[in-house]
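K.L.:
Residues 1 to 170 in our numbering are what the sequence shown lists, from first letter to last.
Since the hints were derived computationally from the structure, they do not count as laboratory data.
Treat the numbers as computed from the prediction; the structure is a model and nothing was measured.
Treat the hints loosely; a few may be bogus.
Unchecked claim - In silico DSS-like pairs for lysine-lysine, Cα to Cα no more than 25 angstroms straight-line:
(1) Lys15 - Lys53
(2) Lys40 - Lys29
(3) Lys29 - Lys45
(4) Lys29 - Lys43
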Amino acid sequence: MGVSQGGIAAMADPKVVHSTYVVERSFAKPVEAVYAALSKPEKVKAWYAEGEKHDLIEFTLNFMEGGTQRLVYRMREGTPVAGLVIDSEARFQEIVPNDRVVMATTMKFNGRRMLATQITFELVPTPQGTDLICTHQGAYFEGSPANMPDMLRQGWTDLLARMGKLLEAE
Numbered sequence: 001m002g003v004s005q006g007g008i009a010a011m012a013d014p015k016v017v018h019s020t021y022v023v024e025r026s027f028a029k030p031v032e033a034v035y036a037a038l039s040k041p042e043k044v045k046a047w048y049a050e051g052e053k054h055d056l057i058e059f060t061l062n063f064m065e066g067g068t069q070r071l072v073y074r075m076r077e078g079t080p081v082a083g084l085v086i087d088s089e090a091r092f093q094e095i096v097p098n099d100r101v102v103m104a105t106t107m108k109f110n111g112r113r114m115l116a117t118q119i120t121f122e123l124v125p126t127p128q129g130t131d132l133i134c135t136h137q138g139a140y141f142e143g144s145p146a147n148m149p150d151m152l153r154q155g156w157t158d159l160l161a162r163m164g165k166l167l168e169a170e
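Could you build the full structure based on these sequences and the hints that come with them?
P.N.:
Take a look at the structure:
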């Protein structure tokens with residue numbers, strides 16, 4: 001342990017790096033439509049699982065408290081990590097229809113666990129539609145890229161933009 005900072009012992013060379021960030025997005029759709037985009041397998045697959053930069057290997061979703069979601073994909077040529085297999089597994093901790101979804105996830109790169117997170121989606125009705133607040137609390141393990149929190153924040157920003165396009169098309 002290192003020097004105490006504000007009553008918290010600082011580690012000289014932390015084995016786990018923690019990061020929390022929030023990504024917010026406003027949609028011109030009612031909360032029921034946004035909730036459906038978070039809960040219906042075909043909708044989640046469209047905005048979350050499928051993508052232009054990777055090949056989908058597996059996607060399953062059992063949307064219920066205690067249920068799981070699994071996403072496995074291989075990064076395509078032309079990306080900085082071509083060939084990398086990413087395996088993301090989640091368990092739904094709490095589901096309040098049309099209000100919030102909380103899930104705990106782990107992510108592996110080529111079979112090696114790199115991080116564990118808690119992700120909370122909050123749906124707030126507004127006169128214009130719905131505000132979605134995505135809070136991502138992560139623990140990043142040894143071997144994770146130093147910029148992993150920033151990469152994931154950008155990833156969630158992009159994913160919620162994809163959700164927006166899906167909702168606009170409805």
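K.L.:
Decide, hint by hint, whether the structure agrees.
P.N.:
Outcome of the hint check:
Restraint check: the Cα-Cα separation between Lys15 and Lys53 comes to about 30 angstroms, which exceeds 25 angstroms; the hinted pair is violated. For the hint linking Lys40 to Lys29, the alpha-carbon distance of about 16 angstroms falls within 25 angstroms, and the restraint holds. Between Lys29 and Lys45 the alpha-carbon distance is near 19 angstroms, which keeps this suggested pair within the 25 angstroms criterion. A C-alpha spacing of about 15 angstroms is found between Lys29 and Lys43, which places the hinted pair at or below 25 angstroms, so the restraint holds.
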